[in-house]
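**Student:** Now for the letters of each chain:
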Amino acid sequence: MKKFSKYWSIFEITLLNSLAYPGELVGRSLMIIPFMWIFYQLWKVAFSAAGVDAINGLTLQDTLWYLMMTETIELGRPPIARTMSENVKDGSVAYILNKPYDFLWYQFSSAMGETIFRAIMNAIFGGLTVWLLVGAPAHPQGFLVAIPAVLGAWVLHFCINAMIGLSAFVVEDVAAFTWIYQKLAFIFGGMLIPLDFYPQWMQTLAKAMPFSSALYGPARLFVSPTMDLFIGVMSLQMFWIITLVFVLVVAYRRGLTQLTVNGG
Amino acid sequence: MNTLKFLFAIWKTNLQSAMEYRASFLTQVIGMMVNNFIYFAIWIIFFERFKDVRGWGVNDMYVTFGILASAFGIVSLFFGNAFMLSDVINKGRLDYYLSMPKPVLLHTVSSRMISSGMGDFAYGFVSYALSGYFTWDGLARFLLAMLLAATVFAAFLILTQSLAFWFGMMSNFSNLVLNAMLTFGIYPITLFDNYAKLILFTIIPAALMGAVPAEFIRAFTWQTLGQLLLGAFGFLTLAILLFRAGLRRYESGSAIQTEV
Numbered sequence: 006m007k008k009f010s011k012y013w014s015i016f017e018i019t020l021l022n023s024l025a026y027p028g029e030l031v032g033r034s035l036m037i038i039p040f041m042w043i044f045y046q047l048w049k050v051a052f053s054a055a056g057v058d059a060i061n062g063l064t065l066q067d068t069l070w071y072l073m074m075t076e077t078i079e080l081g082r083p084p085i086a087r088t089m090s091e092n093v094k095d096g097s098v099a100y101i102l103n104k105p106y107d108f109l110w111y112q113f114s115s116a117m118g119e120t121i122f123r124a125i126m127n128a129i130f131g132g133l134t135v136w137l138l139v140g141a142p143a144h145p146q147g148f149l150v151a152i153p154a155v156l157g158a159w160v161l162h163f164c165i166n167a168m169i170g171l172s173a174f175v176v177e178d179v180a181a182f183t184w185i186y187q188k189l190a191f192i193f194g195g196m197l198i199p200l201d202f203y204p205q206w207m208q209t210l211a212k213a214m215p216f217s218s219a220l221y222g223p224a225r226l227f228v229s230p231t232m233d234l235f236i237g238v239m240s241l242q243m244f245w246i247i248t249l250v251f252v253l254v255v256a257y258r259r260g261l262t263q264l265t266v267n268g269g
Numbered sequence: 155m156n157t158l159k160f161l162f163a164i165w166k167t168n169l170q171s172a173m174e175y176r177a178s179f180l181t182q183v184i185g186m187m188v189n190n191f192i193y194f195a196i197w198i199i200f201f202e203r204f205k206d207v208r209g210w211g212v213n214d215m216y217v218t219f220g221i222l223a224s225a226f227g228i229v230s231l232f233f234g235n236a237f238m239l240s241d242v243i244n245k246g247r248l249d250y251y252l253s254m255p256k257p258v259l260l261h262t263v264s265s266r267m268i269s270s271g272m273g274d275f276a277y278g279f280v281s282y283a284l285s286g287y288f289t290w291d292g293l294a295r296f297l298l299a300m301l302l303a304a305t306v307f308a309a310f311l312i313l314t315q316s317l318a319f320w321f322g323m324m325s326n327f328s329n330l331v332l333n334a335m336l337t338f339g340i341y342p343i344t345l346f347d348n349y350a351k352l353i354l355f356t357i358i359p360a361a362l363m364g365a366v367p368a369e370f371i372r373a374f375t376w377q378t379l380g381q382l383l384l385g386a387f388g389f390l391t392l393a394i395l396l397f398r399a400g401l402r403r404y405e406s407g408s409a410i411q412t413e414v
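Protein chains in written order, with my numbering: chain A, 6 to 269; chain B, 155 to 414.
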């Protein structure tokens, strides 16, 4: 337990740091407002054109709350891959690696510290916007039910982003990989369109990938908080977390042997 | 003529500098094209299900996405520092450009090339070619519309980032309006009511970067050409005037800077 107290301290320090500039925190979170407004315009027209109140169980109201949750998860997560890549490029990785803590635990604690308030602010601004546009969520208890899945989503995001960041040990600039990962998460995670609206074959494919556990799962659980869905989402998420943590640790150990530090 | 020569010299140097890291340059260009392809797939999925958004289909989206990507790409490639102008102002790095016998604004914004812009620029042409609207005279309109949309975009960046002369650090605001510009630019304009459209032609001129150029490419009308010309020259003039007004308030931090 004592071993983890230092990571808890790193988490606390980063958490407090994120509060040091409230203007920055609020300013960054305002971005969700135009996004939710434009989603409302688009989906209002789409539902009206389809002439139905619900598509595969999701009403316009559910769809907007679903999108608020996916945006909160996505906009809340910090750019871990870019940070790691910059650490490698400017040589500061040498100072992190020789400290008495584990590199991956350090990055994880720091990333989670940055995430919490960002996500809360996005949820507040996004939630207020959606509330004004389509009313309260149909199942307000979804907020509580979805919390474990949202935390799991950030762990998954961390694993994938850290793997991209680790590739900086070999290629240094990882920008292209982060763009592609982000767009794959957009599509197969159902970030801009709920997976339920996809053709059946694509739904099956997307739901079997880790991206859906990182975005679609928590957001769907938020709008349909049933016990069956909770068990399904959490089991799949655990499977992906265990798999990706294993791959990440192996990749890190191999990556260390390839690292060349340029300076610092 | 001298200014043009100077611009070409800067662009050549920027390109040579980018080519120093060839693998990184190519990764960014190809990565950005793949990124755009994947992003556009979302619209294909959307229109597969809903077919039409008040008269806009997936083909219209190909043209809109294409022109927006190319205009964004051309600004990133040739005027990449426009994205970081507020940072340059805040950190006192305008000192360097002020000490040179060249137009300050032009020198500043053209001093950086963002390599991934090449991927956006090229992707725009591919997107137009796939739209089903491709014709040779359409391609000529695409080129003209791209230049005018890029002018609007560059002017918009200069306008918003120049506010740093008055308000200091503007990175959050700049990111917010940049994201709003790109997001609103890519969505079908038929979604918006008249009030929203007024905003999209003025405060956040996304319509002049997406919907209007797309309409001009699909079919020539004097009205859309007029809107584009007026928008491009109007916003550019405003941007130059605001930058100049701001420059009068600029205070150097006397920091020693090295421009690479």
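No lab work stands behind these hints, which were simulated from the structure alone. Just so it is clear, CB atoms sit at the ideal spot from N, CA and C, and this is done for glycine as well. Do not take every clue at face value.
Said to hold, decoys possible - Below, a sample of chain A positions facing chain B; criterion: calculated Cβ distance under 8 Å: (1) Pro27; (2) Pro39; (3) Phe122; (4) Ile125.
Said to hold, decoys possible - Pair ranges (Cβ atoms, derived): (5) B:Gly209 with A:Ile129: 18 to 26 Å; (6) B:Glu405 with A:Val31: 25 to 33 Å; (7) B:Ala399 with A:Ala25: 40 to 48 Å; (8) A:Val31 with B:Gly380: 38 to 46 Å; (9) B:Ala399 with A:His144: 47 to 55 Å; (10) B:Tyr250 with A:Ile129: 40 to 48 Å.
What the hints assert, rightly or not - Straight-line Cα separation of at most 25 Å, BS3-like style, residue types lysine-lysine; simulated pairs: (11) A:Lys104 with A:Lys94; (12) B:Lys245 with A:Lys94; (13) B:Lys159 with B:Lys351; (14) B:Lys166 with B:Lys256; (15) B:Lys166 with A:Lys212; (16) A:Lys94 with A:Lys8; (17) A:Lys212 with A:Lys188; (18) B:Lys256 with B:Lys245; (19) B:Lys159 with B:Lys245; (20) A:Lys188 with A:Lys104; (21) B:Lys351 with A:Lys49; (22) A:Lys49 with B:Lys245; (23) B:Lys256 with A:Lys188.
**Student:** Next, verify each hint and record whether it holds.
**Tutor:** Hint check:
| no. | hint | result |
| --- | --- | --- |
| 1 | Pro27 | 12 Å, violated |
| 2 | Pro39 | 5 Å, holds |
| 3 | Phe122 | 15 Å, violated |
| 4 | Ile125 | 17 Å, violated |
| 5 | B:Gly209 with A:Ile129: 18 to 26 Å | 36 Å, violated |
| 6 | B:Glu405 with A:Val31: 25 to 33 Å | 27 Å, holds |
| 7 | B:Ala399 with A:Ala25: 40 to 48 Å | 33 Å, violated |
| 8 | A:Val31 with B:Gly380: 38 to 46 Å | 40 Å, holds |
| 9 | B:Ala399 with A:His144: 47 to 55 Å | 53 Å, holds |
| 10 | B:Tyr250 with A:Ile129: 40 to 48 Å | 42 Å, holds |
| 11 | A:Lys104 with A:Lys94 | 19 Å, holds |
| 12 | B:Lys245 with A:Lys94 | 22 Å, holds |
| 13 | B:Lys159 with B:Lys351 | 39 Å, violated |
| 14 | B:Lys166 with B:Lys256 | 17 Å, holds |
| 15 | B:Lys166 with A:Lys212 | 48 Å, violated |
| 16 | A:Lys94 with A:Lys8 | 30 Å, violated |
| 17 | A:Lys212 with A:Lys188 | 16 Å, holds |
| 18 | B:Lys256 with B:Lys245 | 20 Å, holds |
| 19 | B:Lys159 with B:Lys245 | 29 Å, violated |
| 20 | A:Lys188 with A:Lys104 | 35 Å, violated |
| 21 | B:Lys351 with A:Lys49 | 17 Å, holds |
| 22 | A:Lys49 with B:Lys245 | 45 Å, violated |
| 23 | B:Lys256 with A:Lys188 | 41 Å, violated |
Going through the hint list in order, the structure does not satisfy hints 1, 3, 4, 5, 7, 13, 15, 16, 19, 20, 22 and 23.
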